[in-house]
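K.L.:
Chains A and B, in that order, give the protein sequences. Take 1 as the starting number for the first sequence in the numbering used here and just add one per residue. Take 283 as the starting number for the second sequence in the numbering used here and just add one per residue.
It is possible that part of the hints are untrue.
[As the list claims (entries may be wrong)] Here are the simulated BS3-like cross-link-like pairs (lysine-lysine), alpha carbons at most 27 Å apart as the crow flies:
hint: 1; chain 1: A; residue 1: K259; chain 2: B; residue 2: K326
hint: 2; chain 1: A; residue 1: K219; chain 2: B; residue 2: K441
hint: 3; chain 1: B; residue 1: K323; chain 2: A; residue 2: K132
hint: 4; chain 1: A; residue 1: K90; chain 2: A; residue 2: K162
hint: 5; chain 1: B; residue 1: K311; chain 2: A; residue 2: K132
hint: 6; chain 1: B; residue 1: K509; chain 2: A; residue 2: K132
hint: 7; chain 1: A; residue 1: K281; chain 2: A; residue 2: K195
hint: 8; chain 1: B; residue 1: K290; chain 2: B; residue 2: K311
hint: 9; chain 1: A; residue 1: K238; chain 2: A; residue 2: K281
hint: 10; chain 1: A; residue 1: K201; chain 2: A; residue 2: K171
hint: 11; chain 1: A; residue 1: K201; chain 2: B; residue 2: K437
hint: 12; chain 1: A; residue 1: K238; chain 2: B; residue 2: K290
hint: 13; chain 1: B; residue 1: K323; chain 2: B; residue 2: K290
hint: 14; chain 1: A; residue 1: K85; chain 2: A; residue 2: K6
hint: 15; chain 1: B; residue 1: K375; chain 2: B; residue 2: K509
hint: 16; chain 1: A; residue 1: K132; chain 2: B; residue 2: K482
hint: 17; chain 1: A; residue 1: K281; chain 2: B; residue 2: K326
hint: 18; chain 1: A; residue 1: K219; chain 2: B; residue 2: K290
hint: 19; chain 1: A; residue 1: K162; chain 2: A; residue 2: K48
Derived from the structure by calculation, the hints contain no laboratory data.
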Amino acid sequence: MVKVLKSGFYSTIQDLGRIGYQHFGVPYSGVMDGYSASMANAILGNDKNAAAIEMTMTGATLQFNCNTNICISGADMSPQINSNKIELNKIISVKVGDVLSFGRLNYGFRSYLAVSDGFKTKVVMNSRSMYKNITNQVILYKNDELPISNSVVNSIKHASIKVNTNHFTSKIIEVFKGPEFDFLAVEQQEQLFSKLFKISKENNRMAYQLEDILANSLKPIITSSVLPGTVQLTPFGKLIILMRDCQTTGGYPRILQLKDTSIDVLAQKFNGQNINFKLVKH
Amino acid sequence: MTFNLTYKPYGARAILIEWPAVIDEVILKDIIRFSDVIERKNIKEIVEIKTAYNSLLVIYESVCRNYENEVEKLKNYYFSKGFEYDNMSKLWKIPVCYDAVFGIDLEAISLAKNISKEAIIERHSQVNYTVFFIGFLPGFLYLGGLDELLYFPRKETPKLSVKKGAVAIGGNQTGVYPNESPGGWNIIGNTPISFFDIEKSNPCFAKSGDCIKFHSVTIKEYHNIKKLVDTGVYQMESEVIDG
Chain A
1 MVKVLKSGFY
11 STIQDLGRIG
21 YQHFGVPYSG
31 VMDGYSASMA
41 NAILGNDKNA
51 AAIEMTMTGA
61 TLQFNCNTNI
71 CISGADMSPQ
81 INSNKIELNK
91 IISVKVGDVL
101 SFGRLNYGFR
111 SYLAVSDGFK
121 TKVVMNSRSM
131 YKNITNQVIL
141 YKNDELPISN
151 SVVNSIKHAS
161 IKVNTNHFTS
171 KIIEVFKGPE
181 FDFLAVEQQE
191 QLFSKLFKIS
201 KENNRMAYQL
211 EDILANSLKP
221 IITSSVLPGT
231 VQLTPFGKLI
241 ILMRDCQTTG
251 GYPRILQLKD
261 TSIDVLAQKF
271 NGQNINFKLV
281 KH
Chain B
283 MTFNLTYKPY
293 GARAILIEWP
303 AVIDEVILKD
313 IIRFSDVIER
323 KNIKEIVEIK
333 TAYNSLLVIY
343 ESVCRNYENE
353 VEKLKNYYFS
363 KGFEYDNMSK
373 LWKIPVCYDA
383 VFGIDLEAIS
393 LAKNISKEAI
403 IERHSQVNYT
413 VFFIGFLPGF
423 LYLGGLDELL
433 YFPRKETPKL
443 SVKKGAVAIG
453 GNQTGVYPNE
463 SPGGWNIIGN
473 TPISFFDIEK
483 SNPCFAKSGD
493 CIKFHSVTIK
503 EYHNIKKLVD
513 TGVYQMESEV
523 IDG
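If we strip away everything but chain B, and leave its shape as in the complex, we get (with noise of 0.2 Å):
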């Protein structure tokens, strides 16, 4: 399936190309495809490829002198046959300690919407959430999959600071943060699992069209897991999954 695309520049060197204005597992599927393709050609003036939930930003390394030229070149690419995209998407399983101890907000999201802690930490765990771009902060994954149910608004004042590791929900969104930073997402547990490490070459184990399942684990269990982590020998469990 192909779409129809808006190609912008963005700056003097950087095309931006728009799918419509949806979040959408077909379209995100589509912008893979054609990051992929794009990617393939190794051409030497393209320094960087941007995606996120609609757009494909193409970043050259110099100012593009012939604009039309280089959209010409990406319409192209984008209809070529002979291209399969492999599905090599991974499923991540993530464990996650729903206490209170980590969970600081799930009482109020509980008291405001009238869903026992229970239900909500069984309706957040049961997704498989898909992967749709890195971006934000180092690390952080968008997800996209949250139950209806569990949409509750971003905090009016950001907190200051957010620990690392703390899953959270904004909105009609639910996220991990990979660094202690600022945020104003509503956090309801916490994760040992690192989601960006630097001393690695990918520092990010997920990436664009993966999947992450969030499992409720004990205390006493998120401590251990943390020490394997710590210590760089937890083994991550995931799974190939067809995109």
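So here's chain A without its partners, still in its complex pose (with noise of 0.2 Å):
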């Protein structure tokens, strides 16, 4: 069992999240940076879709009561065992009372926390992530105990990983054309393609708007499925891209849909920094 002390700004425990629900307008959810997460379980020697801790902007503080590995990846939030500093993308030996905590934000916005076999709270439509109306809580909270393995999953000894250091700097995000791209005139969608779009303060995990605005005389769409990924444009010339736990239908235009990589790097991203859409063939 894992003792959550503090729980940092925003953690949540996410699998890769619900598939085959979309049509009870249940959200997919799971982990933000997919590339982040199956590094950590893929270190850990984990299935890849082992329940983790995603912690956003801060970490968390977490208590160990029970002897096991775990792996931290993505943001690197400085994390620290019993005060000393610990390494991202290794296996940690945690022992009994060991508190794990985190300091400072160097680079990214999302830091993965894998344990050995993974948090093993409860399944819910197939899926551990939480989300509203679908798990008991939404976000992990102060005192919460959270169920571990207490066997230790056999790791790959010695493997050689490699973080691809792009993940976190890289202002590219591939995208494909949208279903209704075509609707937009050539000097929208050169606008696109040409400047650089800054991220608002409001991104979360439904959504990350973007301040920057694209005039545009395009009709709304009769309600039709989104993913994540799909890049809406609102009337008044907002882009909204839609992240793990958006909605399952939507009535704007989708003008864009993100690469499921390019996914992963938006989600290291936060508000102030610039993003370049760079577009990419089928």
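Take each chain as given, in its own frame, and dock them per the hints.
P.N.:
So, in structure tokens, the structure goes:
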């Protein structure tokens, strides 16, 4: 069991999300940055769908009530065990009573804590990912007790893991044309790919809004499907990039669709940072 | 009847199929039929099929290596004969209390449109609304068939919290909030029925193609039904209808 001593700004349990429930209106949810979460699980030798703690902007403080292995990937929030600095993307053995805490955010926005065999919170609709009205809890709170397995999974020793630093520094967000892309005027299409767009403070697990406006005269569409990574354009010209907790359907024109890997990249960015859309071919 | 469909890639691992851009029950039936055909093929690579008013989204497990090939396959399924869509649609009868305790915006609609509250309730509860699809929130039904006289614009500023079970009108649509959530529609009543029950293997009782009919109940009846719903013994009223 792991006890939450401090929850951090916005910490949740996430796995790869709920697949197959969209026709009930249930969002996918799941880790915002699949690349980093998979990295942590892979290093520990976990199943790729093992549940981890996703921490946003600031880390949590957690106490371990059993021996296990952990791995932290994603944003660097200066992790420490009992006030001793630990490395990211490494297997760290923890003992009963050890306290994991975090400090300064050095790069990235979301950090993942994986434990050997994953967190064993309740599975709802094939997933442990927290979401309002689906799981009992939506975020972690102080004094929560999170079950984990007592046995340690065999991990691959000396595996060479190299983290791609581009993942945290690149401004480039690769996109496909969305279903309504062709309704944009040529100048608008050019603007989309030449301008830098600034991430607004309205950014969360549901969507990232951009500050810059793209003036347009696109009509709303008849409500249709949307997916994580869909870029919607409002009549006012706001660009909304849908993320993992997004609704299943929407009525704004869908002008772009992010590559899966670019959703991961965007998940490590925060307000004030710039992005640049780059069109890729199917 | 078949339609002239368009096929578009949606990201790297989904194909969007679109019908003419109108809200129409004939289109709805064709979408359900096509969705069923694909579903019954049990194709391993397809992880999810989503329907909406005039579209169907086929989502694959991994990147579609040969998009043209997949579209060809889907086109063949669309025109494949020998598959009869079984019209096992249901009409669900939903009790609604339209009392001012719940129907907090009924008065405003009545004044603005110069229709009595009784007439609004009567018009709202005499229609068999068609379920087009479930979306927006878990268990939120997109219903078609609202009486034109009851069209009423959404609020300019959404309310931060709308109660679970709220029955509301937004523009040319009516719907039920399956859970407490923010919302901009005008609330005319509340139903004790649960539209999304996470404890059930089938969390939504209604599906695309079904119909919903509301009927007015008193506050006393509302609370009696609510007790039965809360203890899990309430029997939903429904009948099989021809699709």
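K.L.:
None of the hints should be skipped; say for each whether it holds.
P.N.:
The hints, checked one at a time:
no.	hint	verdict
1	K259(A) to K326(B)	holds (22 Å)
2	K219(A) to K441(B)	holds (25 Å)
3	K323(B) to K132(A)	violated (34 Å)
4	K90(A) to K162(A)	holds (11 Å)
5	K311(B) to K132(A)	violated (32 Å)
6	K509(B) to K132(A)	holds (24 Å)
7	K281(A) to K195(A)	holds (20 Å)
8	K290(B) to K311(B)	holds (21 Å)
9	K238(A) to K281(A)	holds (25 Å)
10	K201(A) to K171(A)	holds (17 Å)
11	K201(A) to K437(B)	holds (25 Å)
12	K238(A) to K290(B)	holds (24 Å)
13	K323(B) to K290(B)	holds (21 Å)
14	K85(A) to K6(A)	holds (18 Å)
15	K375(B) to K509(B)	holds (18 Å)
16	K132(A) to K482(B)	holds (17 Å)
17	K281(A) to K326(B)	holds (26 Å)
18	K219(A) to K290(B)	holds (19 Å)
19	K162(A) to K48(A)	holds (18 Å)
Violated hints, listed in ascending order, are 3 and 5; each of the other numbered hints is respected by the structure.
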